[in-house]
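**Student:** Here are the chains, one letter per residue:
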Amino acid sequence: MKATLTTCPYCGTGCNFYLLSDAAGQLTGIEPAGKHSASRGQLCLKGWNAHAFVHHSDRLTSPLIKQNGKFHPCDWDSALTTIHQRLKQIANSYGPDSLMFFSSAKVSNEENYLLMKLARAGFGTNNIDHCARLCHSSTVTGLVETLGSGAMTNSLSCFDATDLVFVIGSNTTEQHPLIGSRILLAQQRGTKLIVADSRKIRLTEHADLHLRHQNGSDVALINGMMRQILLDGMENREFIAQRTENIEALRQSLVPFSPEYVARITGLEDQQIITAARAYAQARSAMIVYAMGITQHSHGVDNVRALSNLALLTGNLGRPGTGINPLRGQNNVQGACDMGALPDVYSGYQKVADTKSRLKFSQAWEKALPENPGMMATQAIEAAAAGKIRGMLILGENPMLSEANQTLVKQALNNLDFLAVIDIFPTETAQFADLVLPAACYAERDGTFTSTERRVQRGRKGIDPPGQAWPDWQILCALLQRCGIKADYNSPADVMDEIAKLTPSYAGIDYTRLENGEGLQWPCPDSQHPGTPILHREQCTRGKGHFSPTNYRPPKELPDATYPLLLSTGRTAVHWHTGSMTRRSHLLDREEPGAFAEINPEDARSLNIRERQRINVSSRRGEIQVKAKLTDRVPPGQVFIPFHFAKGAANVLTNNALDPESGIPEFKVCAVRVTPC
Amino acid sequence: MLKQLNQQDLFRLLEQLAISFQLLVPQTLVDGTRGLLPWNGSQTSMSGEPLQRKPTALFFPQTDHLVHLGSDGMAATPAGSDKPLALCGLNREDLAGIAFIDRFFAAQPADDIYLKKRTAALIIGLTGYVGREQQFQPLAEGQCDFELIADQQHWLAVAYTESGKHWLADYPDGPEDVLQLLRETSRGIASQHEQAVKRASRLLQAEQVPDSFWEEISARCIRCGGCNFACPTCTCFCVQDRKTINGIERSRIWDSCQLDAFMREASGHNPMGTELLRTRRRIHHKLVDDPQRWGETGCILCGRCDRACPTGIGMFAICDEIVSRFDR
Ligand code: SF4
Ligand code: SF4
Ligand code: SF4
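Top to bottom, those sequences are chains A and B.
Residue 269 in the working numbering sits at position 269 of the first sequence, with consecutive numbering throughout.
Residue 313 in the working numbering sits at position 313 of the second sequence, with consecutive numbering throughout.
Mixed in with the good hints there might be a few duds.
To be verified - EDC-like mimics (lysine to aspartate or glutamate), calculated; alpha carbons at most 20 Å apart, straight line: (1) 35(A) x 133(B); (2) 200(A) x 216(B); (3) 198(B) x 321(B); (4) 2(A) x 82(B); (5) 192(A) x 216(B); (6) 243(B) x 58(A); (7) 116(B) x 22(A); (8) 556(A) x 661(A); (9) 629(A) x 306(B); (10) 461(A) x 515(A); (11) 35(A) x 306(B); (12) 629(A) x 275(B); (13) 629(A) x 589(A); (14) 627(A) x 260(B); (15) 647(A) x 592(A); (16) 117(B) x 162(B); (17) 544(A) x 248(A); (18) 200(A) x 275(B); (19) 461(A) x 22(A); (20) 360(A) x 526(A).
Stated by the list, open to error - Residues on chain A that point at chain B, a partial pick, calculated with CB under 7 Å: (21) 1; (22) 28; (23) 33; (24) 41; (25) 44; (26) 45; (27) 48; (28) 178; (29) 181; (30) 184; (31) 205; (32) 591; (33) 612.
Hints were generated in silico from the structure; no laboratory data involved.
On a predicted model such as this, the values are computed, not experimentally measured, just so you know.
The C-beta atom is built at its ideal place from N, Cα and C for all residues, glycine as well.
Chain A extracted, bound-state conformation (with noise of 0.2 Å):
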């Protein structure tokens, strides 16, 4: 009987738990961590049933190899070998950057890290890249420009004392239910709230105002709300002096912005968009939340800017109970941005653009750096359907329930010379590959996880991997030397011992302080810092919080004649992803079998759908069909299909429109029809 403290594998809230576990290896159970600080002995139910899957049978317990067609078990030498010499030839006939690496947020900062130095002075490309381009891109480009970092500006307890939360575009009590809880909590302390959402989400029933606007319309209405602020006055001029530069430019582009005009394009009343900005500015503290509503349009890295835009203009930066705060959906999606498995930077966002990165990197790995930033995620699945890609390795995630246009992805995957999949279960996208690797769960390996709040804490193992499946960091360690490069790691600490050395913010990091401790929130420059709760502080990370003006861009794809409605897509509370966790979880799956539309019941009316019934649901790009579920959280003519099935997939449906500077899918809106089966 043992208890091990853990990091939660499902959202980026960070809750710990003990896993239990009997004399026999076998998990038992889930016990939330009475005195973390995120969970304070709470979890949501994913959260109690995170062991559920771990012993399930599906578990790949060999690594296996594909020949004429099927799989078969083969030895691990044998695998990483073929692993490396088919990335190689691949390398050596059509360049480095005909490879691609598709990192995860599921696996830890070690293992992030060890797959950008792989990617990297490996193979000698920068197609490294990850699901955050799928979820939280916009931010980093957005919150980069405007403050200097990418990240959540403030912490969880900032919750507990606010005066003020707007939340835009954020399921927050299904998707980050631990952070949903508490500003359920701080509503019932007073805490006035604003939620802006198409949806009659759970946080909407609590709402001083919920502003229920057109989906893809955020930027009009958070330029709205600015210019009423200055017509006011009662943006914070001392902080906007002090602090900000590139004002008149804003009000400048905010002109336009007038109640009359937003109304029109969000569908919302003169008079709430006028609310809304003098709740917000009047508050002496107020928090910005967001997530995907924000983020995954054709002009998400706009709606960031208009949203920080908006805190820099009432000073609602750098002090308890304010700040911008992006909610990162997986549990390592902070982490293995920090990681460096991106594109164009390595680890804590240094430019490999930058000659002195690159060298200092080039130094300690002792080898040569290609210099041009890579691919993303999206335009590498465009590059394999067009035969531009070749080889590819993807750790832990499932481009094809997760990406965009399901039949793009479908023909990239089959396109590719050569496919290595590392994972725990057979996922819809190992049947894709040549190899599969079969990985370590959380509960079976060590490494450090970093959360939504910029929280580094430990994943810490408690039992052991099934059958002769390794952590993803030893198989990374293998290639590494199968690579020719110095990969002798011990454990995930010493790993962490380089990435410290490398990694400004996290210079201060190390496995004994993290031993005792609760985690510590990056920046944490040196061994005696006690880590950074909030952010942009004294002074933002660029120095001058910088305004960058946003026009209106409508979505790429809006409902016509051919396709009457509008699809929203995203997530549930009992699910995750792309279900290859959850819906191996009894209870979780039981809760939600299957793939359904929430759709009005005045359409469904309109169109002769019962409740139950099954249901076509087409776009220009494909066709599924789910069960119709009448309710009015979404509003006439919207329905809102959840991701996390393989029969009926939304991706299927959605528009791989990208936004041109983040490369996220539009998954929030497109075109699509509804007929009964």
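Add chain B with the ligands to chain A, keeping to what the hints say.
**Tutor:** Frame of chain A, contents of chain B with the ligands only:
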């Protein structure tokens, strides 16, 4: 039988128990909470906050393997551990929790999987000056094999069963007058939560709480299941069948009545299809149905659901709210 033990005696007793039992004692976990873990011969945390995990989980675990059906048609039950459990360190509420579910699992048809583990086990209460910062914890005065009561210097040990008497036989007799004093201290402690829960129970039985109240409360439920998973008197489970390499393994796993699928019919229709109905039912079960069936509420006042509920609608919070709004 009343005995008195000093610290050395206590260790000797634990050592003896560890020979015959798999002995679990309270220990401080990494995050500072206390939990029951196998005794390693030295570490114990005999005083502090209540145990984080409900001790009933040791007899009715979150995942409980029931049977393996081999592809050869043979059924095999999992080999139990070679030693029965001895749980040391349960407070009055934890003991009440075990007693509550004992009655449930023993009722016909008896649940032999539970009873097998439970009847072989030894249960040791721990009360007196063992709370946070040595605060006084009310005595159990039963519901265990023996109870260790910390006075300011010693451990008094009171046996309630033959097995309890057997294990304490070697130790010197304890002072009756000290025990008497501790009993009086214990009875003098008024539990504010107990009063609220009892009053709320009466109001619910008298149908004094309208649905509008439940609508308001349940609008704060985020469907985490924590209130059920944390509660020592919650016994609902569902059955999970899983493929193994050579057959199928059947387990029972903790269920939660706050979940939509808990009562959902195969057709998809759900007679408990809203959070309002489910939240009301959870509280009604414990405060209306249980008193009718067992003569006492199904809440043994441990406070765990209030700690586990992320949005502040655990049993105590709800009862306080009911009493303040509807008790005239
Ligand atoms: S809120 Fe997030 S981190 Fe916490 S238990 Fe749920 S999924 Fe895990
Ligand atoms: S306080 Fe809550 S957890 Fe404890 S017995 Fe009562 S209902 Fe159950
Ligand atoms: S613990 Fe609270 S939020 Fe969770 S299911 Fe129970 S009542 Fe709902």
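**Student:** Each of the hints needs a verdict: does it hold here or not?
**Tutor:** These are the hints, each one checked on the structure:
1. About 17 Å separates the Cα atoms of residue 35(A) and residue 133(B), which keeps this hinted pair within 20 Å; it holds.
2. Distance restraint check for residue 200(A) and residue 216(B): the Cα-Cα separation of roughly 16 Å lies within the 20 Å cut-off, and the hinted pair is therefore satisfied.
3. As the CA atoms of residue 198(B) and residue 321(B) are separated by approximately 13 Å, the hinted pair is consistent with the 20 Å bound.
4. A threshold of 20 Å between alpha carbons decides the hint, and for residue 2(A) with residue 82(B) the separation of about 17 Å falls inside it, so the pair holds.
5. For the hint pairing residue 192(A) with residue 216(B), the CA-to-CA distance comes to about 18 Å; that is within 20 Å, so the pair holds.
6. A distance of roughly 9 Å separates the Cα atoms of residue 243(B) and residue 58(A); the hinted pair therefore holds under the 20 Å criterion.
7. About 18 Å separates the Cα atoms of residue 116(B) and residue 22(A), which keeps this hinted pair within 20 Å; it holds.
8. Distance check on the hinted pair: residue 556(A) and residue 661(A) sit about 15 Å apart at the alpha-carbon level, within 20 Å; holds.
9. The hinted pair formed by residue 629(A) and residue 306(B) fails the criterion: a straight-line CA distance of about 33 Å is larger than 20 Å.
10. Between residue 461(A) and residue 515(A) the alpha-carbon distance is near 13 Å, which keeps this suggested pair within the 20 Å criterion.
11. Using a Cα cut-off of 20 Å, the hinted pair residue 35(A) and residue 306(B) holds, with the two alpha carbons roughly 14 Å apart.
12. Restraint check for residue 629(A) and residue 275(B): the C-alpha separation of about 17 Å stays at or below 20 Å, so the hint holds.
13. With a CA separation close to 17 Å, the supplied pair residue 629(A) and residue 589(A) stays within the 20 Å bound.
14. For the proposed pair residue 627(A) and residue 260(B), the alpha carbon gap of about 17 Å is at most 20 Å, so the pair holds.
15. For the suggested pair residue 647(A) and residue 592(A), the alpha carbons sit about 13 Å apart, so the restraint of at most 20 Å is met.
16. A distance of roughly 18 Å separates the Cα atoms of residue 117(B) and residue 162(B); the hinted pair therefore holds under the 20 Å criterion.
17. About 15 Å separates the Cα atoms of residue 544(A) and residue 248(A), which keeps this hinted pair within 20 Å; it holds.
18. Distance hint between residue 200(A) and residue 275(B) is fulfilled; the C-alpha atoms sit about 16 Å from each other, no more than 20 Å.
19. Only pairs whose Cα atoms come within 20 Å are accepted, and residue 461(A) paired with residue 22(A) is accepted, the gap being roughly 14 Å.
20. The straight-line distance between the Cα atoms of residue 360(A) and residue 526(A) is roughly 19 Å, inside the 20 Å bound, and the hint therefore holds.
21. The restraint placing residue 1(A) at the interface with chain B holds, with a minimum CB-CB distance near 5 Å, inside the 7 Å limit.
22. For residue 28(A), the shortest C-beta to C-beta distance to chain B is roughly 5 Å, which falls under 7 Å, so the interface hint holds.
23. Evaluation of the residue 33(A) hint against chain B yields a held restraint, the C-beta minimum of about 4 Å falling below 7 Å.
24. Taken as an interface hint, residue 41(A) checks out: its beta carbon lies about 5 Å from the nearest beta carbon of chain B, inside 7 Å.
25. With its C-beta approaching chain B no nearer than about 5 Å, residue 44(A) sits inside the 7 Å limit, and its interface hint holds.
26. At about 5 Å, the closest approach between the beta carbon of residue 45(A) and any beta carbon in chain B falls short of 7 Å, and the interface hint on this residue holds.
27. Interface hint at residue 48(A): satisfied, since its Cβ lies 5 Å from the closest Cβ of chain B, which is below the 7 Å cut-off.
28. For residue 178(A), the interface hint holds, the least distance from its beta-carbon to any beta-carbon of chain B being 6 Å, beneath 7 Å.
29. Annotation: interface hint on residue 181(A) holds; nearest CB of chain B at approximately 3 Å, less than 7 Å.
30. Hint status for residue 184(A) relative to chain B: holds, with the closest Cβ pair at about 5 Å, below 7 Å.
31. Hint status for residue 205(A): holds, given a least beta-carbon distance of 5 Å to chain B, under 7 Å.
32. The restraint placing residue 591(A) at the interface with chain B holds, with a minimum CB-CB distance near 5 Å, inside the 7 Å limit.
33. Taking 7 Å as the C-beta contact cut-off toward chain B, the hint placing residue 612(A) at the interface holds, the least distance being around 5 Å.
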